[in-house]
Every structure is written in structure tokens, then in C-alpha cells.
Amino acid sequence: MNASAWNMLLEGAWTTLWISGVSIAIGVTAGLILALIRIARIPVIDQLLVLYISLARATPLVTLVLFIFLSAPTFGIQLERSMAGILALTLNTTAFNAEIWRSAFRNFSREQREAAMATGMTPGITFRRIMLPQMIITSLPGLINEMSFLIKGSPAIAVIGIVELTRVTNRISAVTYEPLPPILVACVLYMAIIGCLVWAQRITERRATRLAM
Amino acid sequence: MPETGLEFSKEPTEVAVSIRNLSKSFNDVEVLRDVNLEVKKGDVVTILGSSGSGKSTLLRCINWLEQPERGSIHIAGERIGVTDEGRAMSVKALARVRAKTGMVFQSFNLWPHLNVLHNVTEAPIHVLGKSRHEAEAHARELLDKVGMSHKADAYPNTLSGGQKQRVAIARALAMQPEVMLFDEPTSALDPELVGEVLAVIKSLSAEGYTMVIVTHEMSFARSVSDQVVFLEKGLIIEQADPETFFTNASTERVRKFLERNK
Ligand SMILES: Nc1ncnc2c1ncn2[C@@H]1O[C@H](COP(=O)(O)OP(=O)(O)OP(=O)(O)O)[C@@H](O)[C@H]1O
Ligand SMILES: [Mg+2]
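Going down the list, the protein sequences come from chains A and B.
All residue numbers for the first sequence refer to my numbering, where the first residue is 5 and numbers rise by one.
All residue numbers for the second sequence refer to my numbering, where the first residue is 73 and numbers rise by one.
Chain B with its partners taken away, still in its complex shape (with noise of 0.2 Å):
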């Protein structure tokens, strides 16, 4: 069938990240190696690779909190960083683009002068200029999602490190972005504390919540993803449906590699 117009534009609608041809260099080490990547809408993708293999790099690329030198990235079809006519977004326009991401990094990064709840409504409010009592009515609800509904007036530095993870999640969820980026969310926990955050993400994978994970824990991965993503020097080696990735990988690295993360 001849490709039409109308095939096309809906094409944005239904990739939530589209990554194409990604270089990143570090004082003229590259990190990313020509990077191709598409994120359906409620794919979930998880990243694995050695460390330093660029899974956090790229991560940090898709939210433009690094930036790289070549290529593009589409957030539900809007370039990032980059404006139509090639230069570079104002801090406004780049900011409006990146809210439409939601990140979770391995050391919580919570804001500690705010209330649990605070940390929620902070950017709905001061972002989306939501109302304080509309930011906190669905706040509420994103802490009940997580189990974190009983801690809303607490400080962070109250709470475990699982709790802080659940909260740093919620903080995420609040803006309602089109992805949620998770960067080794559970590398930093005491081995106990890890399966309550690792259970919060795989309830949000079902309730069909776009997800990029980059992480060390291969049972939930192949568990949770749509896609497998392996990354190697910064070249992505394999690719695949969890099942072939973990049973049948084509390439002799990541059979290695799952043999040493068994």
C-alpha cells in the first residue's frame, strides 16, 4: 500500500521516544555510538549493558540533561533541544518539552526543605500552574498508587530509602509525562528495600504507563519489558523481545553477560 499523508501524521501520536542516530562524546571520548531507538506508547524498554557502556548518558540524553552532539530525539513527536530552525531551545521552550519526561534517578534526589507532599505539587504547581488544592487532590492520589499516602507530611530525610524512591516516582507521575525515565531506581537500596519499588514499577507498567528502565536487576527485566535493549561501548549490540534476549541472544557478549548477572 502506497504510503499517504494521513499515515504519517498519526505516526507522533503513537511513539512515545524516538531516538535517531545519537552520538555523545565526553572530551572526545564518544559515550553514544549512532544511537537508534523508538519507544512505542506503553512499551515498556529496559536498558542493560556494563557499567559504562552510556546507559545513563543516554537516558540523560532523552531529557536533554545532557546534550549530545549528533542526532535527534522526538518526545510524542516534539524535538527536544533543538528548535525547527536547527538552533538551540530557549530555556523556556526546552523546559516545556522536558516536562513532558519524567525521570527517576538511583540516589532519589528529593527536595529535603519540602514535605513529601510538597515535593509532589512543587512542579505542578509552579510548571503547570495547577491550583494548590487540584496539584494536592491528585498528589494524594499518586501517594496512595505508590504507598506513600501516610508519609505526605513527612521530610525526606525521615524516610527510608524505598520510601524516598516511591516518592521520587510520584514526583515524576505528578507532571503526567508521555515517559518515565528510570535510572537504576533501586542500585542505591538496602537489598530488602528493593522489591517495594521494583513492585511500584511493574504496577505502573500495568496500568500502561510508557517506561524507559535502565537497570542491573535481570529477573524484573525480563519480567516487565516489552523490549530488551543492550548496550556495549555505547553501541546498542542487541535488541529484542525479553524472551529471545534472555534465551536465545544473538550475540556471544550478552550471552556472557547473562551468565555472569545470573
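In isolation and in its complexed conformation, chain A is listed as follows (with noise of 0.2 Å):
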């Protein structure tokens, strides 16, 4: 491999980085607005919810990354393909996160929270001084667990073009006609940046025995 597959390489790490983060960042917040919506049981809202939240766990990746895609321009959408991709893995990610956030929600201490509102915090202080900080350090092991299952998912948005770091491997080898060093680098790049994931799952393992009282 010559210094120029090294740099294509490195540059679809970075595409499947910074595609996969950008879905993440959205889908961890999304996650969590849709959680506390569907908390406050809104009629037909609620249902819209469960609907888009069974239909996203249950479609491919790639099946969505090509939906989303081809079927932008019917509706006079122009849509780049990065961000095609960033929207197929956000609604997809979204779909599960929403599910790890209610059921952090759904858990939590009732003892605690009367503790809090017995001090005269109302709801919205409870929520955000006691009950999110918790629910993070335990939601975080979820979460971890799906930002990984979404960087694993992500080359299904070569699909639609994006040179992202599996994809990018096929590019070289069809000039070097040596497709085994290509792939195995990505294999480890993929691997590093898994096992930055995991190593941060560990510590916020660490920090969650504190709330094991």
C-alpha cells in the first residue's frame, strides 16, 4: 500500500467518523425530546411515536439509507447524499435511544423524586437537577452500546456513493488488485474506534456503583 491509499484510507475513517458522530450527537438528543414525549402520553402523538419507533427498529440501515435517498427528489427535497446518510442513521438511532431514555425515565426512584418535590422543587427543576444527571450515567452503557452498533451499521450508507471507510477499501484494491492490507486496516481502525467506546462504557460503569445505594 502506497501513501496514497494510506490517505484514502484515513479519509474514509474520517467520513465514517464524522457522519456517524453527527447522527449520534442528534439521535442521542432526539432520543431523549421523544422519550419525554411519549412520557406525557399525547393522544395520536403518542401513537405517531410508536409507529415511527417500531417502523425505524424494524427497516434495515441500507433499505433506509436508499428510501430516504431516492425518494427526496419526489418530494422536491434536494438532498445531498452526506446527508442522506446522516438522516437514515439519525432516524434509525433515534428509534432506539428513545427507548434506553424512557426506560431510564420509567425506573427511576419514586422515593427520590417525592424527596425532591418535598423540598419544593417543581417537575421541571426534578427532571433536570435530579432525575437527568442519574438517568445519564445509567442510560450511558445503553447508549454506548447503540453509538457502537451505529458506527458497526454505517457502511450501509455506500449505498447511495459515500466513500466511507468500508467502501473506501474497495476503491483501493481495485487498483492494487490486493484487497486483504486494505481491509485489515479498516478492521483496525474500526477496532480503535470501538474500543474508545468501550473503554468509556467502563468508566461510566465505574461511576454508576455510586448511584447503587
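Calculated directly from the structure, the hints in this document are not laboratory data.
One or more hints might be untrue.
Claimed, not checked - In silico lysine to aspartate or glutamate, DMTMM-like type, Cα no more than 20 Å apart, as pairs:
| no. | chain 1 | residue 1 | chain 2 | residue 2 |
| --- | --- | --- | --- | --- |
| 1 | B | K164 | B | E150 |
| 2 | B | K164 | A | E118 |
| 3 | B | K172 | A | E118 |
| 4 | B | K172 | B | E150 |
Once you've looked at the hints, go ahead and assemble the two chains, each given alone in its own frame, into the complex.
Next up, the structure:
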């Protein structure tokens, strides 16, 4: 492998990272918002969200990516490839994250909430100051798990022509006729990314022991 | 002497809690039946009664953690839960009245993500809008009062039950409530830790705090109370000063209860 092959690989890794990163950031936040809306149990909206969540969880990523990219023009939307990729990954991961947040909310200790209310905290203050910080700690292992699923599923965006870390190995071997070296490097890079996540997960789990009273 | 408006308007400032005609049901079972109780400022009222008699429910109605169907509760002259127009209070208004009460739970219910100091300062900062500096100075005083200042930086999971409960007391005191509500504050403690918590509560009564205490500790109730109330199936069947209550109860039911809980 020559220098230009290395360059292409790193560029592919960068594409994977930033598209996944943006999707994760939006997906974690949007998941929390959806979870809170679902907890409020607003009629109709609740049913719509349930429908979205089950659809998004049941649809294969590749299919979702293709569908969004191909259907956007019929709705009169000009969607860049990377935007279509982010949208698909986000729609997928948000659905899973919403369920993680929702279970963290539902499992939150009633006693602790009552203790907060008893000091005169409104439900809003109780949520921000007492519940959310603990929900983040208890949800992080699940959220990080979902992040690694998203990164491992991200090659799906190659189907609309985005040259990410897996796709780029194809491009390189088309020139060098040596498919093995680039794919090995890609594997190592994926492992490095996932490894960072697992490491972060360990740290959060250690912090979570404080909550187990 | 004829009642004057002046005397009447003075009344709310001298009564910390006034409960009138309170009734509460869970699934059609009446748990509190027409309860009337007045707690004067500075008084300690203990509530006794067998398991399931409605003691916790009564206490939890006072700060509106449970909503009664009938009756009214005033904290320092202000009605809790219901507006002057008879509608349910907004969450903000309710929280403001609730802040006039402090509650100590059987299971402590400290917030595990905050250290001891921040458990105590959280509500003063975010409810009363105190500065962190002011809240921490006050919190350290209170932790000192309950003998926990040496653990200010510790997290709740590193404390013993008795220590947790003393922090919980400081947390409730930090809001400078009109009345402190204790729901069996020592029932979850190992026997050797009960004393330290009761000692703190006694010191508060000596300082003139108004308190309503549900407890199974008879000798403690006898020594700390100004008034003892006995609940039976949601009814107050006996209410007296501690001497009368423990030596000369008028109902057979209470005499039996005291016999069994010696
Ligand atoms: N949330 C609830 N839903 C249904 N029933 C309830 C609820 N809370 C309490 N009860 C019932 O109301 C009755 C009174 O309960 P409460 O907890 O007030 O009794 P208590 O005097 O505090 O008893 P203990 O000494 O065991 O704490 C009990 O029969 C209890 O089962
Ligand atoms: Mg009880």
C-alpha cells in the first residue's frame, strides 16, 4: 500500500467518523426529547411515535438509506448524499435511543422524586437537577452500545455512493489488486473507534456504582 | 370577650399546620376519615398507630404528596394544594407552599449523584435562588448541627443509615420550613444507630422546631411530644398530652396498643 492508499483510508475513516458522530449527537438528544414526549402520553402523537419507533427499528439500515436518498427528490427536496446518510442513521438510532431514555425515566426511583418535590422543587427542576444527571449515568452503557451498533452499521451509507471506511477499501484494491491490506487496516481502525467507546463505557459503569445504594 | 378581627388575623401565624375534615381513599377504601388536627408553632406532635392505620398517608397529605378528596390543610396560614377559587394549584404554586414543609423519609431518599454538601444545598440554590456561597455556609452550619460536617464531601453510598438520615434531616432543614415531617425516621436503621438520629430530633425540639413525627419509639414519643395522636383505621381515636396518653389513655384500644409496644 502506498501513501495515497493510506490517505484514502484515513479520509474514509474520517467520513465514517463525522457522519456517525453527527448522527449520534442528534440521535441521543432527539431520543431524549421523544422519550419525554412519549412519557407525557399525548394522544395521537403518542401513537405516531410508537409507529415511527417500531418502523425505524424494524427497517434494515441499507433499505432506509436508499429509501431516503431516492424518495427525497419526489418530495421536492434536494438531498446531498452525506445529508441523506446522516438522516437515515439518525432516524434509526433515535428510535433505539428513545427506548433507552424512556426506560431510564420509568425506572427512576419514586422515592428520590418525592424527596425532591418535598423540598419544593417543581417537576421541571426535579427533572433537570435530580433525574437527568442520574438518567445519563444509567443510560450511558446502553447509549454507547447503540453508538457502536451505529458505527458498525454505518457501511450501509455506501449504498448511495458515500465513500466511507469500508467502501474505500474497495476503491483501493481496484487499483492495487490487493484487497487484503486495506481491509485489514479498516478493521483495525473500526476496532480503535469501538475500543474508545468500550473504554468510555467502562468509566461510566464505574461511576454508576455510586448510584447503586 | 367578643371575637375581634384582630385576634382572628393573628391566628395563622401561631398555627403551623391546621388540618380540617381531611378524608382520603385509595381505591374506594377510606384510609383517612374526617381527620382534624392543629399543630401549634414550636410544638412536637407524634402520631402513633398500628401498621396500615394511615399515619404515612396523613403525613403525606400535609405536603400534598397524596391528594385528599375532602378537607383542607393550611401551612402557616396558607392552604396547600387548592387555590382560593377552589381549583387545583399550579405545579409552581404547589411547590412554593410545599417548600414550607420539610420531610424526612423512612428510607432517607438522599440523591446519590450529589455529595452530602450538595444534597443539602440543591434545593436552597435551585428553589430559593440562594447563591452557592450562602447556601454552602448555611449547609455547613446544619451539617454541624446534625454532626455530619466531617462528611460534607462524601457520597451517600459511603454513609451508614444513621448518617444518611442525619444528612436527610439537614437537607430538609435547609429550606427553613415552618414544619418538619418525619415518617418513621428510625425504622430502617440498625438498632445501634437509632439513638444518634433520635438525639438529633430531640435537639431540634429543644431549639423550638415545629415537628410532626410518626414513630414506633414509645419512650422517645413520650419524652419529645407536646401532643400525642393515635390513629386507628384512619380515625383519630385519642389525642392527649404525653403524660395522659401514656399513663391514662381513655380508650381500651390505646391501652392495649401501649401494652403490646412496651
Ligand atoms: N398508594 C397507595 N395505593 C393504595 N393503597 C395505599 C397506598 N398507600 C397506602 N395505602 C393503603 O392505605 C392504608 C394506610 O397506609 P399508610 O401507609 O398510611 O399506613 P401506616 O399507618 O403508615 O402504616 P405503617 O406503620 O405500616 O407504615 C394501608 O391499608 C395501605 O395499604
Ligand atoms: Mg407508614
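Outcome of the hint check:
Straight-line distance between C-alpha atoms of K164(B) and E150(B) comes to about 15 Å, which keeps the hinted pair within the 20 Å bound. A C-alpha spacing of about 15 Å is found between K164(B) and E118(A), which places the hinted pair at or below 20 Å, so the restraint holds. Distance check on the hinted pair: K172(B) and E118(A) sit about 15 Å apart at the alpha-carbon level, within 20 Å; holds. For the hint pairing K172(B) with E150(B), the CA-to-CA distance comes to about 10 Å; that is within 20 Å, so the pair holds.
Of the numbered hints given earlier, the model fails none.
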